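Those sequence lines, one after another, are chains A and B. Here the first sequence stands for residues 1 to 210, numbered as in our numbering. Here the second sequence stands for residues 1001 to 1185, numbered as in our numbering.
Rather than coming from a laboratory, the hints here were simulated on the basis of the structure. All values derive from a computational prediction rather than experimental measurement. Heads up, a few of these hints could be off.
[Said to hold, decoys possible] Some chain A residues well away from chain B (every beta-carbon gap over 10 Å; in silico):
#	residue
1	R6
2	I11
3	F13
4	F22
5	E35
6	S36
7	R38
8	D116
9	E147
10	D164
11	D181
12	D207
[To be verified] Facing chain A, from chain B, some residues (calculated, C-beta under 10 Å):
#	residue
13	I1050
14	Y1054
15	L1057
16	L1060
17	I1071
18	V1073
19	T1084
20	E1087
21	Q1145
[What the hints assert, rightly or not] Facing chain B, a subset of chain A residues (Cβ under 7 Å, in silico):
#	residue
22	N7
23	V16
24	G25
25	Q30
26	Y32
27	A34
28	N51
29	I160
30	T170
31	N172
32	S173
All residues carry an ideal CB built from backbone N, CA and C; glycine is no exception.
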Amino acid sequence: MKKKLRNIILISFSIVLSFCLFYFGTDGFQAYTAESARIYRLMEEKPFFPNVTLEDSKERVYEFTEFEGKYAVLTFIYTSCTDVCPQLEMNLAEVYKQIPSELLGEEIMFLSISFDPDRDDPKTLEKYQHFFSSDGETWRMARINNEEQLSSLLDEFGVIVLPDGEGGFTHNSAFYFVGRDGELLDVMDYKKTDEAAVKIMDTLQNDMEG
Amino acid sequence: MKRSFIIGSLIFLILIIPPIRIYMESMMIIHMLVQLPLLIVVGWCIGEYIENKYPKLFELINGNGVSGIIIFVAITMFWMLPRTLDEALTFPIYEIFKFISLPLAGFLLKDSWRKIKAFGRIFIYLNYLSMFGLMGWLYLDSPIQICNNYLLEQQKTLGWGFIFITALMVLYVLQSVFTDQSEEE
């Protein structure tokens, strides 16, 4: 009898333990892949955009603080990319079109950051931005020349970039929505452009009213 | 029996050497289908030694073997989530947990496997057979990269690895079914 009771206790204990393992291992049954876990973690941490020096398609060099006081929508790309980047930028263009033009440049900036500074010089970036009708002003494309700054930014924002051995990179993609003070507000699914545009507009409107 | 303890510890020490560890983890298929199973083997070997040395211990913590097998299934399933494999490369705490939890799983399996008898064994075996098949299908069929640290190509290789294991397991079932029948006649 005593043995039976002990077995029941042991089994219950092991079930509870297994449950805890999965509960904590998946952030409460939410994140089963590292990508979802990464976004979950970013939302918890809310990192600030580190101060980096950008060089854009018009060969202007400035710090990220140039955009202080404005919202920013960011993507991380490289122009030689053949699969996900064009899609990512095409979708960013969709979002860009949905923002009223009087807000662009005043309240909100769009910025595509290249993590391949060796190949993406201002000329290449300028050519690239034409494909997506980015004007180079309210939607800029820029590279970060300083390697240390680049890796600290990728690290802070959880962007993992893997060389694929054929001159390209594999990387995770998303829209990064950054607040007026450089704080990361949201990481949005780049496939859901309408949803992203609504979220951005809501935030802007709330902010301007309040 | 002391030999199994030495073998177990030796495998563990080899797996833990940084260059070997990093090399194994650089390939997804070796990480999942060589390193992880070897860690379970480590636990199994050490379990064999402990079982002989302190027979009372298992009686206390793993009465009829069911609780042990539940923990074993939970730990191995945990390490089959695409996320955990990825996190082990990024966060040291996951890596440490991997090197503790999997030997523990093997340790419990050694004792439970003896206790759960034929019915339990068949249940566990078929459970893993279908799970490996599912994992193979998941990794082969996924058009997107599931892990951040491994490329799509590696994911596909792992998928084939799982299919291969599943095929072997099916062959084993067929083989044992037919040999059993011939013995009965």
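Each hint tested on the structure:
1. Not every beta carbon of chain B lies more than 10 Å from that of A/R6, the smallest distance being close to 6 Å; the non-interface claim is violated.
2. At roughly 5 Å from the closest C-beta of chain B, the C-beta of A/I11 falls inside 10 Å, breaking its exclusion from the interface.
3. A Cβ of chain B approaches the Cβ of A/F13 within 10 Å, the least distance being about 7 Å, so the stated non-interface status is violated.
4. For A/F22, the requirement that its beta carbon stay farther than 10 Å from each beta carbon of chain B is not met, with the minimum near 7 Å.
5. With 10 Å as the threshold on Cβ separation, the claim that A/E35 sits away from chain B is violated: the shortest Cβ distance comes to roughly 6 Å.
6. At roughly 8 Å, the least C-beta separation between A/S36 and chain B is not larger than 10 Å, which violates its mark as non-interface.
7. At the 10 Å boundary, the C-beta of A/R38 falls inside the reach of chain B, the nearest C-beta of that chain being 7 Å off.
8. A cut-off of 10 Å between C-beta atoms confirms that A/D116 is not in contact with chain B; the least separation is 17 Å.
9. The beta carbon of A/E147 is kept farther than 10 Å from every beta carbon of chain B, the shortest such distance being approximately 21 Å.
10. With a minimum CB-CB distance of about 6 Å to chain B, A/D164 fails to clear the 10 Å threshold, and the non-interface call is violated.
11. Chain B leaves A/D181 outside its interface by the beta-carbon criterion, the shortest separation being 28 Å against a cut-off of 10 Å.
12. Listed as outside the interface, A/D207 is consistent with that label: its C-beta sits roughly 32 Å from the nearest C-beta of chain B, beyond the 10 Å cut-off.
13. Proximity of B/I1050 to chain A is violated relative to the hint, the smallest CB-CB distance being about 17 Å (cut-off 10 Å).
14. The beta carbon of B/Y1054 comes no nearer than 17 Å to any beta carbon in chain A, farther than 10 Å, and the hint placing it at the interface is violated.
15. Because the smallest distance between the Cβ of B/L1057 and any Cβ of chain A comes to about 13 Å, over 10 Å, the interface hint for this residue is violated.
16. With its C-beta approaching chain A no nearer than about 8 Å, B/L1060 sits inside the 10 Å limit, and its interface hint holds.
17. Checking B/I1071 against chain A: minimum C-beta separation of about 5 Å stays under 10 Å; hint holds.
18. Interface restraint check: B/V1073 against chain A, minimum CB-CB distance 8 Å, threshold 10 Å, status holds.
19. Satisfaction of the interface hint for B/T1084 is found here, the shortest Cβ-Cβ separation to chain A being roughly 7 Å, below the 10 Å cut-off.
20. Residue-level restraint check for B/E1087 holds (minimum Cβ-Cβ distance to chain A is 6 Å; threshold 10 Å).
21. This hint holds: B/Q1145 has a C-beta 6 Å from the nearest C-beta of chain A, less than the 10 Å allowed.
22. Among the interface hints, the one on A/N7 holds; its C-beta lies about 4 Å from the nearest C-beta in chain B, closer than the 7 Å criterion.
23. Hint status for A/V16 relative to chain B: violated, with the closest Cβ pair at about 10 Å, above 7 Å.
24. Taking 7 Å as the C-beta cut-off, the interface hint given for A/G25 holds, the closest approach to chain B being about 6 Å.
25. Evaluation of the A/Q30 hint against chain B yields a violated restraint, the C-beta minimum of about 11 Å exceeding 7 Å.
26. About 6 Å separates the beta-carbon of A/Y32 from the nearest beta-carbon of chain B, less than 7 Å, and the hint is met.
27. Proximity of A/A34 to chain B holds as hinted, the smallest CB-CB distance being about 3 Å (cut-off 7 Å).
28. For A/N51, the suggested interface contact is broken, since its CB lies about 25 Å from the closest CB of chain B, more than 7 Å.
29. Annotation: interface hint on A/I160 holds; nearest CB of chain B at approximately 5 Å, less than 7 Å.
30. The interface hint given for A/T170 holds, since its Cβ lies 6 Å from the closest Cβ of chain B, which is under the 7 Å cut-off.
31. Taking 7 Å as the C-beta cut-off, the interface hint given for A/N172 holds, the closest approach to chain B being about 6 Å.
32. Interface restraint check: A/S173 against chain B, minimum CB-CB distance 11 Å, threshold 7 Å, status violated.
Violation of the numbered hints given earlier is confined to hints 1, 2, 3, 4, 5, 6, 7, 10, 13, 14, 15, 23, 25, 28 and 32; the remaining hints are satisfied by the structure.
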